[in-house]
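Enquirer: Make the full structure from the sequences, and use the hints.
FYI, the numbering for the sequence shown is 3 to 78, going by the numbering used here.
Check the hints yourself; a few may be wrong.
As the list claims (entries may be wrong) - In silico BS3-like cross-links for lysine-lysine, where the CA-CA straight-line distance does not exceed 27 Å: (1) K18 <-> K28; (2) K18 <-> K34; (3) K57 <-> K28; (4) K34 <-> K23; (5) K34 <-> K57.
These are calculated hints, taken from the structure and not from any lab test.
Remember, it's a predicted structure, so these values are computed and weren't measured experimentally.
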Amino acid sequence: MLDTSSTKNNLSYFSKMNIVKSAGPKLVPFFKTVAIYFVIFMPHDQPGIVAAIIKILPIISLMIFVYLYGRDLADE
Numbered sequence: 003m004l005d006t007s008s009t010k011n012n013l014s015y016f017s018k019m020n021i022v023k024s025a026g027p028k029l030v031p032f033f034k035t036v037a038i039y040f041v042i043f044m045p046h047d048q049p050g051i052v053a054a055i056i057k058i059l060p061i062i063s064l065m066i067f068v069y070l071y072g073r074d075l076a077d078e
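Expert: Spelled out as structure tokens, the structure:
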């Protein structure tokens, strides 16, 4: 007889993996902008427009991801 709890755990694991596989590539712009944020040196004594744009890029890309991912979920 099959253990139903292990079957449920396997199913939930595979469904989580499907979510990661479908959402993972959409998060690439977010990870790239976070890397750019930490790699680029921004002086704290004279911040400018470029520094402000670099600081908000990860937030904007994450907002776009949430919007697009929510729209994809609504279609299903």
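Enquirer: For every hint, state whether the structure bears it out.
Expert: Hints versus structure:
Distance restraint check for K18 and K28: the Cα-Cα separation of roughly 16 Å lies within the 27 Å cut-off, and the hinted pair is therefore satisfied. Distance check on the hinted pair: K18 and K34 sit about 23 Å apart at the alpha-carbon level, within 27 Å; holds. Using a Cα cut-off of 27 Å, the hinted pair K57 and K28 holds, with the two alpha carbons roughly 20 Å apart. Pair hint K34 plus K23 holds up; C-alpha atoms about 18 Å apart against a cutoff of 27 Å.
Simply put, K34 and K57 have alpha-carbon atoms about 13 Å apart, close enough for the 27 Å limit, and the pair holds.
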